[in-house]
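Kindly produce the complete structure, drawing on both the sequences and the hints.
Chain residues, written in single-letter form:
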Amino acid sequence: MRHIALSLAKTAGWISRALGRGGGTTLPGMILLKLRPHTLREMAQELEDGVIVISATNGKTTTARMVSHAAHESGITFVANTSGANLPSGIATALLRRNPDEKLGVFEVDEAALPELVPKLQPSVLVLMNLFRDQLDRYGELESTIQKWEEMIKSLPDTTKLIINADDPALAFLGSLHQNVEFFGIELTHYGSKTIPHAADSLHCQKCDGPLNFQQVTIGHLGHWKCQNCESQRPKPSFAGDKINLQGLNGSKFIAVSQTGPLEIQIPLAGIHNVYNALAAYATCSTIGISATNIQKGLSTLSAAFGRNEIINFEGIELLIMLAKNPAGANQNLRTLLLEEEKNHLAVLLNDRTADGKDVSWIWDVDYEMIVDRLASLTISGDRAYDLALRFHYSGFPTTSMHITPSPQGLLEHLKSSIKTGEKAIILPTYTAMLDLRSELNKMGATHSFWEEQ
Amino acid sequence: MTEIRICHLYPKEMNIYGDRGNIAVLQKRLEWRGYSASITSVGIGDEFNPNNFDICYLGGGQDRDQMLVAHDLGKKSAAFLSAAKDGVVFLWVCGGIQLAGVGYTNSDGNRISGVGILDLDTSAGSSRLIGDLVLDAEIEGDNCRVVGYENHAGRTFLGPDATPLGSVVKGHGNNDTDKTEGAIQRRVVGTYMHGPLLPKNPWLADKLLSWAIEHNTGETPTLSSLDNSLENLAQQVAISRAGMKR
Ligand SMILES: [Zn+2]
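Protein chains in written order, with this note's numbering: chain A, 832 to 1285; chain B, 4 to 249.
Please keep in mind that the hints were generated in silico from the structure rather than gathered at the bench.
Mixed in with the good hints, there may be bad ones.
Below are the DSS-like pairs computed for lysine-lysine, each with C-alpha atoms no more than 25 Å apart in a straight line [claimed, not checked]:
id, chain 1, residue 1, chain 2, residue 2
1, B, K15, A, K1057
2, B, K15, A, K1025
3, A, K1038, B, K15
Here it is as structure tokens:
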């Protein structure tokens, strides 16, 4: 029965790819899980060198890619889920396609699906990076995700190594519930701020409900925190990011400090959020024994993950695509734009389909105000373009200067006609808006299908 | 210049659905009409003086934060009741409408007291009511279609002193059974349309602003009209998406 199920599921992937629908990154797994729900656990157990699971609201795709890249650099063969197929079906599909010589698994997992997947995947390393508000209609409230993660951690075997962001107060608390844990975090840096941004979550102590004080805030509620009421405070990280140097849209440099001494890390990805991603990847790679040189090399030669700082050439215009699907991520992308001296052409795309979250309220938690006077042009697109236009209207951007075009085709035509060859445009889409844009770019021959990526 | 005084209640705790969008709309639509607007945050442990404000906003929060806020509100309920009697305008949304009522019975059967500025009572349901919400709203005999988004477990039923804000055309509303949505009593408005409901509903925003100006100056103002074309387009799209989406 198992063999029949496996081959049926594999055939489905082949058919769906041949038909060009969805790239077959989830369908085979979906069929397999329907036919034989226990298969996931069985297939994961075949991975002799263990399973790395990475979860977060923001940065899990990029971090998994970083870990994969460094593993590749050191000659480790592994199976990974690509292209953000991070629900059980996507992971089952990846495992179905595994070559027998791939003995390590590297999986990014959706934060809501994590409690269900961890007992099945039995990870040897579990990396938890951050929890921000995201898609409230789908995930419910942040606090309920934290509670589910807490139950999950309480039932972890001691053999699972937890790697946790010390700068996220809620996650650091979860880390304190497990024996086998390493923390990572960012040391004091001039990129940090003293004040909590508007849309911050987790401002109360998980242990005693007391208010938290911050000596430094890097992103949202991440930073150097301490409870005003009890002894809880940011644990000292065993993998620390120090001397951070953000080099505009080109990338970033920092020193990773650990037991083994300082290591200079250069990444071609912009913004402090990618420093967190790199630190998490560094901690993970060190834990599984990848050498410092291979980590350095793997991280520095990285190409962007699908839609994350990805550059696409379109009719001589350089499109820099940065997925912006929740307030913390979008704010981080906007802050990255501020690292550039010159004014930018910006296009923002808002969809409200299932994968984006049907509730578009979150755009009011994004601090678009910080960039309104730093734009050479503003184009607004997507199913909910007018909601976004209103958001910019209330941020002080003149309505007469914005170009509103809901369709991706209209967007590309407008960019082509209004931006000079050789110039750059920054694109901030939600997930399905990015897929639509990619498909439109595909039609015009500007890019390749994403399932071809590895 | 007349200064309209806006009170933003518990902005740190009760802000999960982009609630500051509503504050921005109140402020800008006043400023565009030549009024000035002051915004004062009142948080946990702060004093609430009912004489200091023309309009008070309270948004939605996570359960944990809502509990902290409910506890603090209890200490201020006399001041809120006095403000409501005095004609201060309230817009309390999402968790706010529950806290404005008589009380909330959660899923464990525990009871939390509300402020009592709206005659309504809430108890937790077994499922969350999530999705687009379209209603035919009525305020003082004036009608308008209003659109928003709801995400709540509470089932709210109105008592005789409160009137619904509108009747549900699409979505769940107060309790998913009687087709009512929101509540009005004096100039206290409660609704489950969470977060930024005012940007897309300028009619409602201007109703609240007229009341707030009247509270401040003692006279009913004639609000100058603003260009609402973007607002109306956003509203139309939201209404059609509400009908289309699964
Ligand atoms: Zn504490």
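Status of the hints after comparison with the structure:
| no. | hint | in the structure |
| --- | --- | --- |
| 1 | K15(B) with K1057(A) | holds (17 Å) |
| 2 | K15(B) with K1025(A) | holds (16 Å) |
| 3 | K1038(A) with K15(B) | holds (19 Å) |
The structure agrees with every numbered hint stated previously.
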